[in-house]
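Here is how the chains run, residue by residue.
2 protein chains.
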Amino acid sequence: MRNIMIEIEYDGTNYSGWQIQQNAPSIQEEIAKALKKVTGEEITTHGSGRTDAGVHAQGQVASFQLHSKIPAERISFALNGKLPRDITILEAKEMPEDFHARYSAIGKRYGYCIMNNTHGSALLRNYCYHVPYKLDLQKMKQASETLLGTHDFKGFMASGSQVKSTVRRIDEINFDTQGSQIWITMQGNGFLYKMVRIIVGSLVGIGTGKIKEEALQNILETQNRRVAVKTAPAQGLYLQKVFYPLTHQGHCIII
Amino acid sequence: MRNIMIEIEYDGTNYSGWQIQQNAPSIQEEIAKALKKVTGEEITTHGSGRTDAGVHAQGQVASFQLHSKIPAERISFALNGKLPRDITILEAKEMPEDFHARYSAIGKRYGYCIMNNTHGSALLRNYCYHVPYKLDLQKMKQASETLLGTHDFKGFMASGSQVKSTVRRIDEINFDTQGSQIWITMQGNGFLYKMVRIIVGSLVGIGTGKIKEEALQNILETQNRRVAVKTAPAQGLYLQKVFYPLTHQGHCIII
Chain B
1 MRNIMIEIEY DGTNYSGWQI QQNAPSIQEE IAKALKKVTG EEITTHGSGR
51 TDAGVHAQGQ VASFQLHSKI PAERISFALN GKLPRDITIL EAKEMPEDFH
101 ARYSAIGKRY GYCIMNNTHG SALLRNYCYH VPYKLDLQKM KQASETLLGT
151 HDFKGFMASG SQVKSTVRRI DEINFDTQGS QIWITMQGNG FLYKMVRIIV
201 GSLVGIGTGK IKEEALQNIL ETQNRRVAVK TAPAQGLYLQ KVFYPLTHQG
251 HCIII
Chain W
1 MRNIMIEIEY DGTNYSGWQI QQNAPSIQEE IAKALKKVTG EEITTHGSGR
51 TDAGVHAQGQ VASFQLHSKI PAERISFALN GKLPRDITIL EAKEMPEDFH
101 ARYSAIGKRY GYCIMNNTHG SALLRNYCYH VPYKLDLQKM KQASETLLGT
151 HDFKGFMASG SQVKSTVRRI DEINFDTQGS QIWITMQGNG FLYKMVRIIV
201 GSLVGIGTGK IKEEALQNIL ETQNRRVAVK TAPAQGLYLQ KVFYPLTHQG
251 HCIII
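Order-wise, the sequence lines are chains B and W. Numbering-wise, the UniProt record's numbering puts 227 at position 227 of the first sequence, and it's gapless, one number per residue. Numbering-wise, the UniProt record's numbering puts 107 at position 107 of the second sequence, and it's gapless, one number per residue.
Worth flagging that the hints you see were computed from the coordinates, not collected in a lab. Glycine residues also receive a C-beta, built at the ideal position from the N, C-alpha and C atoms. Among these hints, one or two may not hold up.
Pulled a few chain W residues facing chain B out of the computed Cβ check, cut under 7 Å [claimed, not checked]:
| no. | residue |
| --- | --- |
| 1 | 9 |
| 2 | 90 |
| 3 | 193 |
| 4 | 225 |
Calculated lysine to aspartate or glutamate pairs in the EDC-like style (CA-CA distance at most 20 Å, straight line) [stated by the list, open to error]:
| no. | chain 1 | residue 1 | chain 2 | residue 2 |
| --- | --- | --- | --- | --- |
| 5 | B | 134 | W | 73 |
| 6 | B | 134 | W | 91 |
| 7 | W | 134 | B | 52 |
| 8 | W | 210 | W | 136 |
| 9 | W | 134 | B | 91 |
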């Protein structure tokens, strides 16, 4: 059996999320259908993690076992020919047999787009979170530093998820302003359920003055969101990159 | 009667174009419906010009006569509350009575987005033209200079349009590369039917080597596209700005 990794861009607007589910369109199902058409095989892909309804990806990664002898460099072209236009395979690579998109991952980068203007944007309605209030970016940046490093992020996790540990490490939180757009980028070893959107919601609350700067420290310490934090909406969120150890960078090792 | 100018952003994906037509959704119709809901009046808006199905706008301008006493600065909020999310009124201004979005216009700027990579982009499928071939940007830039200035652009006009004169002036053609995206921006005193898309199609043909650089000069001279120029698709095109004389910049002149 061959072990294949694919890197995927998708527009999450019309999907209920990454994960296959009954009676709801998912990215994973569309990819399984395309793989079936291309190879004739029933293939289960393993994503690096789930993304929620409306969340986008610029670099989701999935891995799967394949019998077919189709050359790795043809897989992306073949799948893109069968996939709907809101899902694009950016790359496909032959991987060592122990590679697994989820278990081998050592980090992730998410981007979040805020449209900070009066009327929002018709063109970006499904790709940004419209915040019509003035944001104090300096305050948001300063507050975000509290979150850097290794912490128990239980207070920043939405209910409905079962994980062994709620300790995560955030290596970087960056702010980048382009016109009316504010991009918040976060990189870390992993993120809990809705953690990025709850962090962005908190930072926006701090930026508008609704929430005090100290709130983040309190949530970390008490593991409890006592302040009213709005979870930022799905459409502003992008899974940008999944990181793997150097041995799993996929240098076309044919096995 | 008051004379109002609105500046409009829209996502053209789900519309048959700016202009009202029977049995097909149009931006103009949606705005008329929203104006009816807000003011109770049957209002005909005059756009600065039409845009085709799938073409976007970041700064379309329309003007209309209004009885209602609603303050100009409330009009955008009121309309946005009634409009579908893919149309946004960016601004509304009280104008002198002789202002007309079409007849007062002295220039326009269009942007065109090319996605120049192997697999295209799921997120930008409706917002860029995917060109998977290597483009010689230097050649394209050089060729575009032929078009600068005042010329008879009849050879760059699609059939199906009645205009008195096919002479237009192009003041600027700019190329801006951002990652895999190439933005071609054109500014001039006006553009003929599908002229921007035919120019972009010609430039892409030159960039891939399918068309000779001299072709543009030939089309200008003969007013005839004898070479096979592909009209670039609608979804890459954005009406970015409409220019008016200084006296019509709309400094809230209340009449």
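Hints, one by one, checked against the model:
1. 9: 5 Å, holds
2. 90: 6 Å, holds
3. 193: Constraint on residue 193/W not satisfied, violated at 23 Å.
4. 225: For residue 225/W, the interface hint is violated, since the closest Cβ of chain B sits about 29 Å away, which is over 7 Å.
5. 134/B - 73/W: 18 Å, holds
6. 134/B - 91/W: 18 Å, holds
7. 134/W - 52/B: 36 Å, violated
8. 210/W - 136/W: 11 Å, holds
9. 134/W - 91/B: Roughly 18 Å between the alpha carbons, so the hint for residue 134/W and residue 91/B holds.
When each numbered hint is compared with the structure, violations occur for hints 3, 4, 7.
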